[in-house]
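Protein chains in written order, with the working numbering: chain A, 2 to 341; chain B, 76 to 358.
Since the hints were made in silico from the structure, they are not lab data.
Treat the hints loosely; a few may be bogus.
Claimed, not checked - Under the rule of at most 20 Å between Cα atoms (straight-line distance), these lysine-lysine pairs were calculated in the PhoX-like manner:
{"hint": "1", "chain 1": "A", "residue 1": "242", "chain 2": "B", "residue 2": "142"}
{"hint": "2", "chain 1": "A", "residue 1": "61", "chain 2": "A", "residue 2": "41"}
{"hint": "3", "chain 1": "A", "residue 1": "142", "chain 2": "A", "residue 2": "264"}
{"hint": "4", "chain 1": "A", "residue 1": "206", "chain 2": "A", "residue 2": "252"}
{"hint": "5", "chain 1": "B", "residue 1": "105", "chain 2": "B", "residue 2": "151"}
{"hint": "6", "chain 1": "A", "residue 1": "67", "chain 2": "A", "residue 2": "5"}
{"hint": "7", "chain 1": "A", "residue 1": "171", "chain 2": "A", "residue 2": "137"}
{"hint": "8", "chain 1": "A", "residue 1": "16", "chain 2": "A", "residue 2": "109"}
{"hint": "9", "chain 1": "A", "residue 1": "90", "chain 2": "A", "residue 2": "109"}
{"hint": "10", "chain 1": "B", "residue 1": "212", "chain 2": "A", "residue 2": "16"}
{"hint": "11", "chain 1": "A", "residue 1": "78", "chain 2": "A", "residue 2": "49"}
{"hint": "12", "chain 1": "B", "residue 1": "118", "chain 2": "B", "residue 2": "142"}
{"hint": "13", "chain 1": "A", "residue 1": "242", "chain 2": "B", "residue 2": "201"}
{"hint": "14", "chain 1": "A", "residue 1": "41", "chain 2": "B", "residue 2": "201"}
{"hint": "15", "chain 1": "B", "residue 1": "118", "chain 2": "B", "residue 2": "151"}
{"hint": "16", "chain 1": "A", "residue 1": "246", "chain 2": "B", "residue 2": "305"}
{"hint": "17", "chain 1": "A", "residue 1": "242", "chain 2": "B", "residue 2": "118"}
{"hint": "18", "chain 1": "B", "residue 1": "103", "chain 2": "A", "residue 2": "6"}
{"hint": "19", "chain 1": "B", "residue 1": "236", "chain 2": "A", "residue 2": "49"}
{"hint": "20", "chain 1": "B", "residue 1": "201", "chain 2": "A", "residue 2": "49"}
{"hint": "21", "chain 1": "A", "residue 1": "137", "chain 2": "A", "residue 2": "49"}
{"hint": "22", "chain 1": "A", "residue 1": "162", "chain 2": "A", "residue 2": "109"}
{"hint": "23", "chain 1": "B", "residue 1": "96", "chain 2": "A", "residue 2": "264"}
To be verified - Computed footprint of chain A on chain B, listed as stretches where at least three residues anywhere in the stretch have a Cβ under 8 Å from a Cβ of chain A:
{"hint": "24", "segment": "103 to 112"}
{"hint": "25", "segment": "132 to 138"}
Model, not experiment: these values are computed from the prediction.
All C-beta atoms, glycine included, are put in the ideal place defined by N, C-alpha and C.
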Amino acid sequence: MLDKKIRLALIGLGKMGISHLSIAGANPHVEIVGVCDTSKMVLTFLEKQTPFSVYDDYKKMIDEAKPQAVILSVPTKYHAGMIEGLLDKNIHVFAEKPLTLDAATSQKLAEKAEVLGLINQVGYHNHFIGTFLEMKRLLQKNILGDVYHFTAEAYGPVVTKAKDSTWRSKQEEGGGCLYDYASHVIDLVNFSLSEIVGVSGVELKKIFSKEVEDAVYGTLHLKSGISGILSVNWSDPTYRKMSTKLTVFGKNGKIIADATELKMNLNEPIKGGSYDRGWTTISVGTIQEPVGFYLRGEEYTAQLDYFISSIQNGIRSSQHNFRQGAKTDHAIALIRKAIH
Amino acid sequence: MDRILFGDNQFFGVNHASDEKSREQLIKFKSNDSIIKILDLAKIAGVNTFMCTTHDRIANICEHIRKHPADYTSYKIYPCMPYAHKYANAVTELGIMGALKAYMPGNIFSTALKGGMAYLSDDHEKMMELLVDAEMKMFHGIETPVIFLQNVVTDLLLGLKAYGLLAAFHSYIKKKYNAEAGFITMNLPLLSNVLVNLGIKHPIICTSINKEGFRMSGGKCAYEKILAEKKNRVIAMQIFGGGFISPKEAVDYVVSLEGVESILFGASSAGNIQQTISWINKE
Chain A
2 MLDKKIRLAL
12 IGLGKMGISH
22 LSIAGANPHV
32 EIVGVCDTSK
42 MVLTFLEKQT
52 PFSVYDDYKK
62 MIDEAKPQAV
72 ILSVPTKYHA
82 GMIEGLLDKN
92 IHVFAEKPLT
102 LDAATSQKLA
112 EKAEVLGLIN
122 QVGYHNHFIG
132 TFLEMKRLLQ
142 KNILGDVYHF
152 TAEAYGPVVT
162 KAKDSTWRSK
172 QEEGGGCLYD
182 YASHVIDLVN
192 FSLSEIVGVS
202 GVELKKIFSK
212 EVEDAVYGTL
222 HLKSGISGIL
232 SVNWSDPTYR
242 KMSTKLTVFG
252 KNGKIIADAT
262 ELKMNLNEPI
272 KGGSYDRGWT
282 TISVGTIQEP
292 VGFYLRGEEY
302 TAQLDYFISS
312 IQNGIRSSQH
322 NFRQGAKTDH
332 AIALIRKAIH
Chain B
76 MDRILFGDNQ
86 FFGVNHASDE
96 KSREQLIKFK
106 SNDSIIKILD
116 LAKIAGVNTF
126 MCTTHDRIAN
136 ICEHIRKHPA
146 DYTSYKIYPC
156 MPYAHKYANA
166 VTELGIMGAL
176 KAYMPGNIFS
186 TALKGGMAYL
196 SDDHEKMMEL
206 LVDAEMKMFH
216 GIETPVIFLQ
226 NVVTDLLLGL
236 KAYGLLAAFH
246 SYIKKKYNAE
256 AGFITMNLPL
266 LSNVLVNLGI
276 KHPIICTSIN
286 KEGFRMSGGK
296 CAYEKILAEK
306 KNRVIAMQIF
316 GGGFISPKEA
326 VDYVVSLEGV
336 ESILFGASSA
346 GNIQQTISWI
356 NKE
C-alpha cells in the first residue's frame, strides 16, 4: 500500500455522513480536505468543535479543496447530478444507498465511472458483515444443493407513530421504507443469491406515514430461476434497531443469516467441507475481520477501508460498485412498477 | 470502584452474539420486577454497583430503589448516557434538528426558542449540559459516583476529533454532579492517548477486553500495553468476547490483567451470576 494519504471530502453530514466523517477521520490513510452540508447548525458544530474545513457549497469545496475522492451522503434525489459532476472532475465516489432514484441513470453512472477508470462504491454495508459474507461463500460452494426458496426480511422501529414530515417521508426525494430498509435487503439478495429480474404479489403498505410506505411485501424472481419472499417493515417497535435476515432453503438444508449469527442445517455434509450434518451456529464475532477504528459496527469501517484501499491500489470492485447499486435500483423500479 | 459491576444489556435485548437471543431476553425481562429480581440476586452475591444505560425503563428501577432505601443502603448506579438508539431512530426519521426538538427537555427548548435556536445550537457545551441533565433526571436521590458517556458518542467525537467536548463532559460531571466522568469506548488505544493529551489524569475508561481480541480496535497487544502502563482506571466489558472461548477461560484472562480495575458483566440467571462472580473472586 502506498504511504500517500488519500485526499477525501464529504458531502452531506446527516446521520450517515457524520458517521462516515468520524470513521474517515480516524483512518490513518486519509486526509480530510473538506466537509460540506447545508445545515448551518451542523456546519457551526464542525467549525467550532473539529479541525475540518467546512463548506456550504460543494462545488466551491471541490474547486478549492481538490479532493481525490468524495463520500456522498445527501438525500437520494441529489445523487444523480452530483455524482455526474464529481465523475466529470475525475473524482472517486463512494455514494450512500440507494445509488439514484432511476435505474437507467444508475446504469449510466456505472458505465461512466468505469470508462473513466474511477473507483465507485455504494454504501451497502451488509456486504462487509462476516455472517453474510460466509453465507455467500457457502452458497457459492453449493453447500445447500439445489436452492428452491428464500425469505429476505428486515424489521425495525423507524416510524412507529405519525409525526412531522422530512425528506424521508417524501417518495420523490427518496423517502419511504422501499428506498431505505428494503433497498438493503434487495441488495443482499442481489449480492448473495442472484440478480432480481422480476417481482410479483407486491404490497406497499402505509402504517403510520401519510405519503410513503412503511412496509414492503412481495415475491422476488431471480435470474437463477428461483423465487423467494421479501418482507420488510420499518414500523415494528418490537425491534430495538434494524434487523436484517436472509434464509435460504435448499434440497440439502437451510442457512439462516443475520448480522449477528449464521445458522445452518445440513442433511448431508459436503465433500471436503468443514461443516457437519445437522445444525451449525457461527457467531459473527468469530469470523468478522477486526478493524482499526470501531464506531457503529465493523462493517461501516470495513466498507470505507475498502474504498480507500481500492483507490490506493487501483483495484476496481465488482461486488460493491455502482453497477451492483444499479441492479438494486432496477429491482426497486420493478417493485414500484408492479403496484401501478 | 468495586471490582465487579453488574451490567444491563441482558435486560434490554442487547446481545452482540445473537439477535434471536436478544428478543428472547426482551420477553423474559418484560416486567420491572423481573429485572429487580436479578439485580437483587447479584446484590446478594455481593455486587453493589449497577452500570446501566439511560433507557426509559431504568426510571422504574430507580423508583423502586428510592422506595426501598433500607434494601439498597450502599447501592450505586453508574449511568451510561445517552441511550443511543432512542436518538438514532429519531434522527433517521426526523433529522438532526427534529431529534433535538423531540428530546430537549420541554421547558428548556421553549426557552431556547424565545432566545432563538441559534443561541443554543451554537453553544455546544451548553447543549451537552442540557442533554446530560435531561438524562440524569431519573437518578435523583440515588448515588451515581461515576457517570459514563456511551461508546457511540465517545467514539463519534473521537473520530471527529471533537476532543473539546470530551473534556467538557469530564469537567461538567465533576462540577454539577460531584462525580467522576467515565468514557466507554471500542477504541482504547486512541482514546487513552487523546485523554492524556487533554490533561485528564487517570480517566475511567470502560472498554472491550477479552481473550479473543473481539472489538479491541487497534489490536489486543496495544490494549495489553496500555493496561500495563496503568495510566487509566480501566473497566473491562465484553469479557466473553465473540463467544468462542469458554466462560471460565474468558474470566481467567481478564482477571489476570493487572491494569484492569473493575470487571463489568451481565447475566440473566442466578447460576450464571454466582458462577461468574466466584471465578472473578478466586483470582
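Hints, one by one, checked against the model:
no., hint, in the structure
1, A:242 <-> B:142, "violated (33 Å)"
2, A:61 <-> A:41, "holds (17 Å)"
3, A:142 <-> A:264, "holds (16 Å)"
4, A:206 <-> A:252, "violated (33 Å)"
5, B:105 <-> B:151, "violated (23 Å)"
6, A:67 <-> A:5, "holds (15 Å)"
7, A:171 <-> A:137, "violated (34 Å)"
8, A:16 <-> A:109, "violated (28 Å)"
9, A:90 <-> A:109, "holds (16 Å)"
10, B:212 <-> A:16, "violated (27 Å)"
11, A:78 <-> A:49, "violated (30 Å)"
12, B:118 <-> B:142, "holds (17 Å)"
13, A:242 <-> B:201, "violated (29 Å)"
14, A:41 <-> B:201, "holds (18 Å)"
15, B:118 <-> B:151, "holds (11 Å)"
16, A:246 <-> B:305, "violated (43 Å)"
17, A:242 <-> B:118, "violated (31 Å)"
18, B:103 <-> A:6, "violated (50 Å)"
19, B:236 <-> A:49, "holds (11 Å)"
20, B:201 <-> A:49, "holds (13 Å)"
21, A:137 <-> A:49, "violated (45 Å)"
22, A:162 <-> A:109, "violated (38 Å)"
23, B:96 <-> A:264, "holds (13 Å)"
24, 103 to 112, "violated (count 0)"
25, 132 to 138, "violated (count 0)"
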